[in-house]
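S.K.: Take a look at the letters that make up each chain.
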Amino acid sequence: EDQVTQSPEALRLQEGESSSLNCSYTVSGLRGLFWYRQDPGKGPEFLFTLYSAGEEKEKERLKATLTKKESFLHITAPKPEDSATYLCAVCEASGTYKYIFGTGTRLKVLA
Amino acid sequence: ETGVTQSPTHLIKTRGQQVTLRCSSQSGHNTVSWYQQALGQGPQFIFQYYREEENGRGNFPPRFSGLQFPNYSSELNVNALELDDSALYLCASSLGDRVEQFFGPGTRLTVL
Chain A
130 EDQVTQSPEA
140 LRLQEGESSS
150 LNCSYTVSGL
160 RGLFWYRQDP
170 GKGPEFLFTL
180 YSAGEEKEKE
190 RLKATLTKKE
200 SFLHITAPKP
210 EDSATYLCAV
220 CEASGTYKYI
230 FGTGTRLKVL
240 A
Chain B
1167 ETGVTQSPTH
1177 LIKTRGQQVT
1187 LRCSSQSGHN
1197 TVSWYQQALG
1207 QGPQFIFQYY
1217 REEENGRGNF
1227 PPRFSGLQFP
1237 NYSSELNVNA
1247 LELDDSALYL
1257 CASSLGDRVE
1267 QFFGPGTRLT
1277 VL
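So the sequence lines, in the order shown, correspond to chains A and B. In terms of this note's numbering, the first sequence has 144 at position 15, counting the first letter as 1, and numbering is strictly consecutive. In terms of this note's numbering, the second sequence has 1198 at position 32, counting the first letter as 1, and numbering is strictly consecutive.
It is worth saying that the hints were derived from the structure and are not from the lab.
Computed footprint of chain B on chain A; a stretch qualifies when at least three of its residues, placed anywhere within it, have a C-beta under 8 Å from a C-beta of chain B:
(1) 154-167
(2) 171-181
(3) 220-228
Label-pair restraints from in silico Cβ distances:
(4) B:R1223 x A:T196: 27 to 35 Å
(5) B:P1236 x A:L239: 47 to 55 Å
(6) B:N1245 x A:K237: 35 to 43 Å
(7) B:R1264 x A:K192: 18 to 26 Å
(8) A:E144 x B:E1218: 47 to 55 Å
(9) B:R1264 x A:S148: 29 to 37 Å
Residues from chain A that face chain B, not an exhaustive set, calculated with beta carbons under 8 Å:
(10) L216
(11) G231
(12) T232
(13) G233
Glycine included, C-beta positions come from ideal geometry on N, C-alpha and C.
Chain A extracted, bound-state conformation (with noise of 0.2 Å):
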């Protein structure tokens, strides 16, 4: 079965103190995943997208990297305004376009 599985479901974390989130993902095929930073009651804020394996990407404090199975988002010294839930998301390549977000990970990033 196509999922996509974050890890860790939270994470606290002192302002400064870097750390990497991980999205691990099993579908047939890839045309894509993505990041996106949701805050309480709104919608996914765009990120990155990621399309091959080695593929990096980076903004501000953030950065992103892709494997075959699995991609780490690395957050280099964070600062509160960082504190909210990040999603991962596959688009898998079968004939019709399909989605599949992992439940996040809700980071907090303390002062």
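Based on the hints, put chain B in the right spot on chain A.
M.R.: The following block gives chain B in isolation, referenced to the frame of chain A:
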């Protein structure tokens, strides 16, 4: 550039009723997808429309249906509402066959 907009923001219905939610795509985007997000869960893919045709569907029953209009706006219709349909309904748009999607703020549906 106009982002994805959704209406209404909040909605309360009773079990058995029908509901229509609306979405306007980001400027220039011709593909729209709908998602259901229960509290504490990730979004669940309902379906996607491209040029007014459904081109992808998740594991939702037929009482969840949709439309896309020539201006690329979209509607999600849910018939025979059940208590478990209470959730945040998200619309996302994208351009053509590009897979990255951009989300609207969502509609919070409560079924009593």
